[in-house]
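Protein chains in written order, with our numbering: chain A, 1 to 280; chain B, 1 to 418; chain C, 1 to 288.
Calculated from the structure, these hints are not laboratory results. All values derive from a computational prediction rather than experimental measurement. Among these hints, one or two may not hold up.
Restraint-style ranges between C-beta atoms, simulated for each label pair [unchecked claim]: (1) 134(A) <-> 17(C): 15 to 23 angstroms; (2) 17(C) <-> 190(A): 24 to 32 angstroms; (3) 134(A) <-> 50(C): 20 to 28 angstroms; (4) 343(B) <-> 153(C): 48 to 56 angstroms; (5) 134(A) <-> 308(B): 15 to 23 angstroms; (6) 96(C) <-> 401(B): 53 to 61 angstroms; (7) 134(A) <-> 113(B): 31 to 39 angstroms; (8) 6(C) <-> 179(A): 14 to 22 angstroms; (9) 368(B) <-> 50(C): 46 to 54 angstroms; (10) 74(C) <-> 400(B): 31 to 39 angstroms.
Positions of the beta carbon are idealized from the N, C-alpha and C atoms, including for glycine.
Here is how the chains run, residue by residue.
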Amino acid sequence: MDTPFRSPLALMLRYGLLSILAFMVVCPLAWLALASLRPQAEIFQPVSEFGWHTFIPSRLTLDNYRALWNGDFPLAVKNSVFVAFMTVVFGIVVNALAGFAFAAFDFRGKNLLFLLVIISFMMPFEAIVLPLYVMIRAFGWANSYQALIVPEIANGMVIFLFRQFFASIPRDFYEAARVDGASWLYIFTRIAMPLSWPTIATSGLMLFLAQWDSFFWPVVAASAPDYAVVQVAIARNINFEQNDWGGLFASTNIAILLGTIPFLLIQRFYVRTLISGGIK
Amino acid sequence: MQIGRRQFMAGAASMAFLGSVSRAGAQSTTLSAPWMGWPEEQVTPLMEAFEKATGIKVSAERLPIAELFKTLEVRLQARNELPDVYLVDGPLTASYAARGHLLDLDEMLSGDKDRFVPTTLVQGTYDEKLYAMPLGTSSQLLFYNKKLFAEAGLPEPSSDPEKRMTWEELLPIAQKLTKPDISQFGFAFENTNPYQLLPIPQSWGAEVLGPDGLTATGYVDSDETVAAMSWYQDLFQKHKVGPVGTFQTGVTQEMFGSGKLAMVIGGTWNLVGFEKFEDLDFGVAPHPYFAAGKPVTSTGSWHVGINPRTAHMEESKAFVKWLSTRDAMDLWFNLRKYPPALKEIWEERATTTFVDPAWEIVRYELANTATPRPATPGYREYEDFLKTAMQDIQTGADVKESLSRAAQNIDREMRKYR
Amino acid sequence: MISSRWTPYLFLAPALAGLLIFRLIPIVVAAGGSLTGVSLMGDMRFVGLENFEYLMTDPEFWSSLNITLLFNVIINPLQLAVAFGLALLVFRPLRGVWLYRTLLVLPMAVSTGISAVLFGLFLDGNLGPLNGFLEWIGIGAQPFHRSADQALYTLIGIATWKGAGYWMLFLLAGLYSIPSTVHEAAAIDGASAWQRFRHVTLPLMRKPMAFVLVADTAINFLFFAPVYILTSGGPSGSTSVLMFQAYRAAFTFSDIGRSLAVSTILLAIILVIVVLEFRLLRSPEERA
Chain A
1 MDTPFRSPLA LMLRYGLLSI LAFMVVCPLA WLALASLRPQ AEIFQPVSEF
51 GWHTFIPSRL TLDNYRALWN GDFPLAVKNS VFVAFMTVVF GIVVNALAGF
101 AFAAFDFRGK NLLFLLVIIS FMMPFEAIVL PLYVMIRAFG WANSYQALIV
151 PEIANGMVIF LFRQFFASIP RDFYEAARVD GASWLYIFTR IAMPLSWPTI
201 ATSGLMLFLA QWDSFFWPVV AASAPDYAVV QVAIARNINF EQNDWGGLFA
251 STNIAILLGT IPFLLIQRFY VRTLISGGIK
Chain B
1 MQIGRRQFMA GAASMAFLGS VSRAGAQSTT LSAPWMGWPE EQVTPLMEAF
51 EKATGIKVSA ERLPIAELFK TLEVRLQARN ELPDVYLVDG PLTASYAARG
101 HLLDLDEMLS GDKDRFVPTT LVQGTYDEKL YAMPLGTSSQ LLFYNKKLFA
151 EAGLPEPSSD PEKRMTWEEL LPIAQKLTKP DISQFGFAFE NTNPYQLLPI
201 PQSWGAEVLG PDGLTATGYV DSDETVAAMS WYQDLFQKHK VGPVGTFQTG
251 VTQEMFGSGK LAMVIGGTWN LVGFEKFEDL DFGVAPHPYF AAGKPVTSTG
301 SWHVGINPRT AHMEESKAFV KWLSTRDAMD LWFNLRKYPP ALKEIWEERA
351 TTTFVDPAWE IVRYELANTA TPRPATPGYR EYEDFLKTAM QDIQTGADVK
401 ESLSRAAQNI DREMRKYR
Chain C
1 MISSRWTPYL FLAPALAGLL IFRLIPIVVA AGGSLTGVSL MGDMRFVGLE
51 NFEYLMTDPE FWSSLNITLL FNVIINPLQL AVAFGLALLV FRPLRGVWLY
101 RTLLVLPMAV STGISAVLFG LFLDGNLGPL NGFLEWIGIG AQPFHRSADQ
151 ALYTLIGIAT WKGAGYWMLF LLAGLYSIPS TVHEAAAIDG ASAWQRFRHV
201 TLPLMRKPMA FVLVADTAIN FLFFAPVYIL TSGGPSGSTS VLMFQAYRAA
251 FTFSDIGRSL AVSTILLAII LVIVVLEFRL LRSPEERA
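Extracted from the complex, chain A is given alone in its bound form:
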């Protein structure tokens, strides 16, 4: 793995490839970001007039952002941040515990329980939304933060992720600690978790994005104006009779920028584990 990247040619190849791929990924988003700075009337440029002005606005304006700031978008951002943060905090603990149990123990019914975990994310949400809504109503949670947060904490996919990564820690590690008289909770918090920073970071990101991108459930469970979330606020710009493309682009752009912050924060965890060295 090491040698091919050391030569200057390989280095250039790597930069070149990365640049092309990054360009392909970023291009639609750059167009979106630039379009959000245009006056409403010239957001789109006809296909036949392709040129520099397809991307570069003739006149920059922050009108679209100003309108967002004055509307209910800030409230939606606040709600989404709160809901996502709570989900991440509780979700990491709850799901890591379960993932650890699957990876470190042998117990009766393990395979069956794991199957249930897997099945939990295989049913279309549209199919379970009605029973879920009836349940939330019965709890008296309609139009509340609980309705948005609590059902999303336990997440089969995150449990699965933790299980896969905890399983790569050799069991001898745990056995050795057991022999020294450590409790399982101690092993989990002091041995398994510290060895799993990339996994914790990634699962936190998963939980965050699940909430940041969530749309249909908030609409059904908590559609009162006070609980509006980001994706709902964005989608309001798409209206059958009249689309506010400028508002759509500006709000999407902000959602992307804010939604990327958690990733920027966790990047460092990837490096840290590499430095802290091997497991085996």
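Fit chains B and C to the known structure of chain A by using the hints.
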């Protein structure tokens, strides 16, 4: 001042009604109301005015259009007391009413029915009872770009409904306005919804759904409909005067606004939608028709209905009753310019707002050519399959085949209503 | 100290309670619902396998099943391969690599629905900049999601645009979990870069790859919003995946029983495929 007196009486009656309610529900109630995701400043003032009049709060849940329908399905199917009141798309009245999701408003509004423009009540009516009260209506206009007409040396179309263009006259004009080298197109319909396109076969003389409201085969795929929709396809595929892929209003509006589309048939909401294009100078003309047929325009809009299971029945009724008042409807018109459902607002504003040629055309169409979408409990099914067929036809699929398949699919899904 | 016998169950309890209440019970209710028919007035009655029998005779169901399988046969290996490639490219230290990583993951903060709206405009035949570019360089405008031949592949492209960077992260976390000592040992043994990748890295990446493949499979079988927003299953039915059928049955045709039957079939298909994927990526010791 006949109108004045009538208004006064109606106002007094509704005040008395509302007064009794607000005393009954002295502790403040909040009604849950799934609403369209219109901009906040077009929704909140209406709800605040109602709260001021009665002390009842309305929590308007502004939802994007697709989610409005989806979440209504989920909540109505749960069959509990939420929502209290909700926004109903006109043609869906029958579907909701047939499934017991709407309260019969006949008794409550019996004295008010003759205050409405008659065609606006059609879509809110199912089984001869009014289930959803119209908040306004809509009509279709031919919008044209004055600058592009001048450039091509073409006379502007007349705004007089008596002198409306035929489709046969429109085609050569559209051809002159089509310039492929600068991707300028002559003509388009604003989108591919049946609301928008049904007047084509209807003007050709086709019936678009059987008299029982449940049979599509023989109507959706009749020779007349196929011929009319072949004409539609030719606009895009043969004459190439229309931009292929214009399935949604958002795109067509931008093309017209930026001067890349010379004429567009669109709803009255475009009068507001085009405002953002500062350089756009447009005129309006009545909806064209086939020389061999008759003028037909689509109509219908948003209605409001009550969930029969609501825990706040009196307050919900008060809300709908209040919305039917002259003041509420006048406020609503100021907020969002749908052609009014109440005759009195047309009369009051006849010499002020409605002197504009666009409104004169709309008024004429509503009285003479407006044809509501077919009344059927299966409108959702009908619309869905037909829209897909229209899109396939625009992109070049076989017309007869697309419509036959749509007809078969519609018939199959309609069986449950028999 | 509690006895070891109960420890795993205590670790599992909070998560399983949540899953049971908010996922598994609704799933059982939904699966049970596939055996019922709801009358227009909301009265439910047991109809046995009637909904499934209906689907078996419905040509639209079979064509949707084919489209769903085709979509997944292409997209799942594709996304795994692209994500792995990206992970390898940004894994090892490189000046500015953090910037590339960030750019590659930007799309994950765009919700699936909004990504569909965005691409609907980006690829639009009349206003979209991509077609402007294609004409400008001489390839000519493409119909993309507006043509029966290209629509499914356009959707695959959009989903991969959004998904590749996301799945890359999990594989990256996997690469970081491989102790560097393992590689060093292999290098001392004189193994070539390819040999080390093939015999050291790949086997150690089994578990992260299994995660990505399984999770991605579940997500892609349930892929839906772009179909609804961009194509409505068209043109000419070319993108009518099973999820679209399930959605339409429930929200357009008010036929909940049929919709739940489609969902239940989807669940069964995903489960079978996931079990196969697990077997494929089992390590030798698990195979024993």
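### Query
Looking at the structure, which of the earlier hints fail to hold?
No hint contradicted; all consistent.
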